[in-house]
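Q: One-letter residues, chain by chain:
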Amino acid sequence: DVKVTQSSRYLVKRTGEKVFLECVQDMDHENMFWYRQDPGLGLRLIYFSYDVKMKEKGDIPEGYSVSREKKERFSLILESASTNQTSMYLCASSSLGLAGTQFFGPGTRLTVL
Amino acid sequence: RKEVEQDPGPFNVPEGATVAFNCTYSNSASQSFFWYRQDCRKEPKLLMSVYSSGNEDGRFTAQLNRASQYISLLIRDSKLSDSATYLCVVNERNQFYFGTGTSLTVIP
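Read top to bottom, the protein sequences are chains A and B. At position 86 of the first sequence (counting the first as 1) the number is 86 in our numbering, and the numbers step up by one without a gap. So our numbering is basically just the index in the second sequence, starting at one, shifted up by 113.
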């Protein structure tokens, strides 16, 4: 059974804290993605990676960074958390190619106080 | 302009009804197309891929019209368990673009 796991389901942090969200996939997928999902706005792409040590900015990268040191792991970092980063964060992975569908992790609901 | 647009609904239909959702996309170079389902407070999960020839999976039928740049999903004989948000997804060069989703509630 294919799996994408995320390090936390719920997280509460304070403004200014550095926050790490971890994502691991066991499908040997090349591509990995970080999204945030907010009511009325849908899923918005923060960053994606198509290979180890490679990263590309998505639509809303400001205030975030990422790290991909190993193929199976993709980390999202909030350098200095702010209240407007309170959201649901979803990690996904996909294989290369036109037919590559995305598989999502269960999500991390982050609250920044 | 958004890459992918959907009517957010909500659609409230009785059990057994047939319901259709449409979605339009802006980039004619888009390469592959999908419908995902998302239950409340859960992650999106692939429902089905969408092909130009149309494809069917049980009570679900998906169609793609490249000329008009729209994608449709038809659900026949709706069940209570079909209640969810349905996301239209378009793939362009390994990037995925999501619609904001259409909410469906099937009523007993």
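Don't read these hints as lab results, they were simulated from the structure. It is possible that part of the hints are untrue.
Pairs of lysine-lysine, BS3-like flavour, derived with a Cα cap of 27 Å [claimed, not checked]:
(1) A/K57 <-> B/K115
(2) A/K3 <-> B/K158
(3) A/K71 <-> B/K115
Quick caveat, the model's predicted, so the values are computed rather than measured.
Q: Given the hinted pair A/K71 and B/K115, is their alpha-carbon gap at most 27 Å?
A: violated (31 Å)
Q: Just to be careful, I want the Cα atoms of A/K3 and B/K158 compared with a cutoff of 27 Å; is the pair within it?
A: Between A/K3 and B/K158 the Cα gap is close to 12 Å, so the pair holds against 27 Å.
Q: Does the alpha-carbon distance linking A/K57 and B/K115 stay inside the 27 Å limit?
A: The given pair, whose Cα atoms are some 18 Å apart, holds under the 27 Å limit.
Violated hint for the displayed structure: number 3, the only one.
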